[in-house]
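> With the hints as your guide, set chain X onto chain Y.
Protein chains in written order, with our numbering: chain Y, 6 to 231; chain X, 4 to 640.
Hints are not guaranteed to be accurate.
To be verified - Computed list of lysine-lysine pairs in DSS-like fashion (alpha-carbon distance at most 27 Å, straight line):
id, chain 1, residue 1, chain 2, residue 2
1, Y, 209, Y, 118
2, X, 426, X, 527
3, X, 531, X, 628
4, X, 70, Y, 163
5, X, 70, Y, 209
6, X, 620, X, 634
Rather than coming from a laboratory, the hints here were simulated on the basis of the structure.
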Amino acid sequence: MFGLKGLLFKSDAPAHLPDDVRAALDAWRNTPAPTLDDFHFHTRYVIVDIASRGMNPESDQLLEIAASTVQRSTILPADALFIDLETSADNDAPADEASLDRQLMAFLQFAGKAPLVTYHVSYVGGFLQRAFRERLGVDFQPQWIDLAWLLPAMFSDKGSSVMPLDHWIGVFGLDAGSGRRSAMENTLLLARIFQMLLVRASAKEIDTAARLIDESRASTFLRRTH
Amino acid sequence: MRQEGRRRVAGNTLTFLKKHAPFDKMSADALQRFAEQAQIAFYPAGSEIVGAASGNVRFFYLIESGKVQARQAGEVTVTEYSILSLGAGESFPIGAVTAGRPSTNNYVAVEDTFCYQLPAEDFMALMVSSPEFNLFCTQYIASLLDQSRRQLQLQFAQKASEQQTLNSPLAGIGSRSPVIVGPETPLRAALEIMSQAGIGSLVVAGEDRKPVGVFTRSDLLDRVVLADRPLTAPISEAMSAARLCLDENATAYDAMLAMASQGVRHVLVTDAEGRLTGVVSERDLFSLQRVGLRQIRQSIDSAHDVEALLQSAADVRQLAFNMLAQGIGAEQLTQFISALNDALTRRVIQLNLEKHNFDGIEWAWLAFGSEGRDEQTFSTDQDNGIVFACPDGAAVDALRQRFLTFALDVNKDLDRCGFPLCKGNIMASNPQWCLTLGEWKTQFSKWIRMPEPTALLNATIFFDFRPLYGKHELADNMRRFLLEQAAASPIFLQSMARNALDVAPPLGKLRDFLTDLEPDHPGKIDLKKYGSRIFVDVARIYALATGVHNTNSVQRLRLASQRLAARGEEINAVLDGLNFIQLLRLQHQYLEGEPGSQGDNLIDPDKLNELDRRILKESFRQARKIQSRLKLDYQVN
Numbered sequence: 006m007f008g009l010k011g012l013l014f015k016s017d018a019p020a021h022l023p024d025d026v027r028a029a030l031d032a033w034r035n036t037p038a039p040t041l042d043d044f045h046f047h048t049r050y051v052i053v054d055i056a057s058r059g060m061n062p063e064s065d066q067l068l069e070i071a072a073s074t075v076q077r078s079t080i081l082p083a084d085a086l087f088i089d090l091e092t093s094a095d096n097d098a099p100a101d102e103a104s105l106d107r108q109l110m111a112f113l114q115f116a117g118k119a120p121l122v123t124y125h126v127s128y129v130g131g132f133l134q135r136a137f138r139e140r141l142g143v144d145f146q147p148q149w150i151d152l153a154w155l156l157p158a159m160f161s162d163k164g165s166s167v168m169p170l171d172h173w174i175g176v177f178g179l180d181a182g183s184g185r186r187s188a189m190e191n192t193l194l195l196a197r198i199f200q201m202l203l204v205r206a207s208a209k210e211i212d213t214a215a216r217l218i219d220e221s222r223a224s225t226f227l228r229r230t231h
Numbered sequence: 004m005r006q007e008g009r010r011r012v013a014g015n016t017l018t019f020l021k022k023h024a025p026f027d028k029m030s031a032d033a034l035q036r037f038a039e040q041a042q043i044a045f046y047p048a049g050s051e052i053v054g055a056a057s058g059n060v061r062f063f064y065l066i067e068s069g070k071v072q073a074r075q076a077g078e079v080t081v082t083e084y085s086i087l088s089l090g091a092g093e094s095f096p097i098g099a100v101t102a103g104r105p106s107t108n109n110y111v112a113v114e115d116t117f118c119y120q121l122p123a124e125d126f127m128a129l130m131v132s133s134p135e136f137n138l139f140c141t142q143y144i145a146s147l148l149d150q151s152r153r154q155l156q157l158q159f160a161q162k163a164s165e166q167q168t169l170n171s172p173l174a175g176i177g178s179r180s181p182v183i184v185g186p187e188t189p190l191r192a193a194l195e196i197m198s199q200a201g202i203g204s205l206v207v208a209g210e211d212r213k214p215v216g217v218f219t220r221s222d223l224l225d226r227v228v229l230a231d232r233p234l235t236a237p238i239s240e241a242m243s244a245a246r247l248c249l250d251e252n253a254t255a256y257d258a259m260l261a262m263a264s265q266g267v268r269h270v271l272v273t274d275a276e277g278r279l280t281g282v283v284s285e286r287d288l289f290s291l292q293r294v295g296l297r298q299i300r301q302s303i304d305s306a307h308d309v310e311a312l313l314q315s316a317a318d319v320r321q322l323a324f325n326m327l328a329q330g331i332g333a334e335q336l337t338q339f340i341s342a343l344n345d346a347l348t349r350r351v352i353q354l355n356l357e358k359h360n361f362d363g364i365e366w367a368w369l370a371f372g373s374e375g376r377d378e379q380t381f382s383t384d385q386d387n388g389i390v391f392a393c394p395d396g397a398a399v400d401a402l403r404q405r406f407l408t409f410a411l412d413v414n415k416d417l418d419r420c421g422f423p424l425c426k427g428n429i430m431a432s433n434p435q436w437c438l439t440l441g442e443w444k445t446q447f448s449k450w451i452r453m454p455e456p457t458a459l460l461n462a463t464i465f466f467d468f469r470p471l472y473g474k475h476e477l478a479d480n481m482r483r484f485l486l487e488q489a490a491a492s493p494i495f496l497q498s499m500a501r502n503a504l505d506v507a508p509p510l511g512k513l514r515d516f517l518t519d520l521e522p523d524h525p526g527k528i529d530l531k532k533y534g535s536r537i538f539v540d541v542a543r544i545y546a547l548a549t550g551v552h553n554t555n556s557v558q559r560l561r562l563a564s565q566r567l568a569a570r571g572e573e574i575n576a577v578l579d580g581l582n583f584i585q586l587l588r589l590q591h592q593y594l595e596g597e598p599g600s601q602g603d604n605l606i607d608p609d610k611l612n613e614l615d616r617r618i619l620k621e622s623f624r625q626a627r628k629i630q631s632r633l634k635l636d637y638q639v640n
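The following block holds chain Y by itself, in its conformation from the complex (with noise of 0.2 Å):
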């Protein structure tokens, strides 16, 4: 299965990249991926949320990608990432092609091979997907948590079935603030959340990255089909 991901990975790479691009793209290509046998503790958990224009992934414009982590049970502040894909990175100029690849590149270099974690993979991984598959054309697969799916699983007690997100910050008591929340917000709630449901988790001897990603993959498949 990684045999058939790695000969994905480096069918297409599209002629417009960049050199420094194609390089990044490589390097990232041939990092190895962390085990995901180590406990919670050791884990370097991606938690990534974006904006968007619409909701449709095949059709609709990616606007930001905002994402921070989660590792040695804490949230640290200067391991985190924002992107902005409508204006360039160098400047606030609009967003040319090639700044438009360097900023998708970062992402995949922050996120390295670590498993990401969101609230609805099919929104926001459909998003990502898409985007990284025409501009870098990368066959984005990584290992998914999703929340929408496992919290229900994990947190029966407070709420049994896939809800909107504000549910979830209601039952838990965080300080979401009032109006809209820009991504960045939303992926620090969701880190928050997720900090909680690594004690849960672990309390129910789901105690690795591998464990808690199979956890989700059930939750997501038992309520899709059942």
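Relative to chain Y, chain X alone:
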């Protein structure tokens, strides 16, 4: 993009910081630095965030949401509170992180809690760069001490003259003859002195007695062993410079503040010329504030003679008073006084056993009355006896004589420790109450078979017995016998009930309280006679009737009510009533009793505040309620 990421995470934190002091007053620059460094961590309810055992504090914690409880670890305390609850916007452990030492408190999340944690080095940098933050932290430490001082003054206002307080000058506190060595003393010689004297630190001073440094055991590790310093080197190379010297006239409070803000555990005390006159340790200061339970237990258990126990007896009283002042409930407090008094009595017995040998003989020391019920208040005289087994019937009197001599010594020693001799001579040194197992049983069944007034009175004292020392099986045997006999004698229980109903709670028909029941004390109510005794008597009857082994009235009522299938909330109301009356007695005895005298139980209800009056009235109603129940159950008219 990463910078932008960090900036936005920090922005999120800033929103929180700006809502809370002192951050709302800090410069944008300082705040930004805080927000960019502060990690966000989650602590589930029940987990420890930082504790005394986790070594030097690595983070400054600021609670974002949730609740954290701070509990003092061990005996060493910086503040008067023993438990403190912290919520969103509050931070900890400021003193420890400032001083770079382990926390003296254990901080535990009592709810799911999120904290911002600023690494210690960033915290220190912030202290340097932000005057607002610096002021906040310094004032915080000072304010805790101030708070503690004010509490102390408040609680001890009446007794202030009797004891040292934090306002006492250092001249009277701590070690007056600290061990001093000259700066040229070789390390080996200094260490030998420390080892021989059994001390952990010594002061280095010149011939003029002006201190130049301090050498402690931790210096031994860091500056001698790990630094590979030869033991021939002079101690001045390994000592820490004398950082903290205070004048003799400075107060204990000054010393405490200095220790807390500079993170040291000793203060050198000097006279006007700067010559060393003493050393005050953190522990010395805390002993001014608190008499610790563990310390008392230790000093009781290790006392070599009765003289040493005298101080412990005084400490028990002091600690009980501190607990009373902190609002500990009557049930816990009386049991706690009993537990320490038990330990004290046991030690007195042990000490006397060195002079009296009863090897090979089965015997036990019994406590009666309130001591037997674990309900001692501050003024409790002795009620005790001895039960023994005599294998050879002929030798009983000779053996009794030996026990009586021994008991007399114990009774006298207990008297010296503050448990006055019993006026009614209910003491083990009285031949009437120094009996064999068989004799006790005969005595018990006589009282039960012929419940005349003296027998009933004796039953109220002797049936509440509890073994304090020796062979508990003898007392268990007595108890089984008593319960069998009592349960089989309805007439005895009915007589007990009639006796218990002789006294009614002092509730007036027109007024709230009847205050003229005691001709010698008009306007007052005897809280023992017309209050707690009613509960105690009823509890005893139901315990005997239902075979409850316990002697404590609260436990008796709880267990007996279970056996009688009474409703839970009903019995709880009764127990609340009893506990309130006991608490009033304790407060009255300590706060209004003359120092050194036996407190009484006479209170003037008009002097109570409105709330206490209402609770007292309700408590008497509860007494009346259980009396009515007793009346019904035993058909007393």
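> Starting from residue 209(Y), check that the Cα of residue 118(Y) is at most 27 Å away, please.
holds, 26 Å
> Hey, residue 620(X) versus residue 634(X), does the alpha-carbon distance stay inside 27 Å?
holds, 21 Å
> Given the hint that residue 426(X) pairs with residue 527(X), does the C-alpha gap stay at or below 27 Å?
holds, 24 Å
> Given the hint that residue 70(X) pairs with residue 209(Y), does the C-alpha gap stay at or below 27 Å?
Roughly 24 Å between the alpha carbons, so the hint for residue 70(X) and residue 209(Y) holds.
> Checking one constraint from the list: CA of residue 70(X) to CA of residue 163(Y), max 27 Å. Satisfied?
Given that 27 Å is the threshold and the Cα spacing comes to 20 Å, the pair holds.
> Does residue 628(X) lie within 27 Å of residue 531(X) when you go C-alpha to C-alpha?
Given that 27 Å is the threshold and the Cα spacing comes to 17 Å, the pair holds.
Comparing the model with each numbered hint stated earlier shows that all of them hold.
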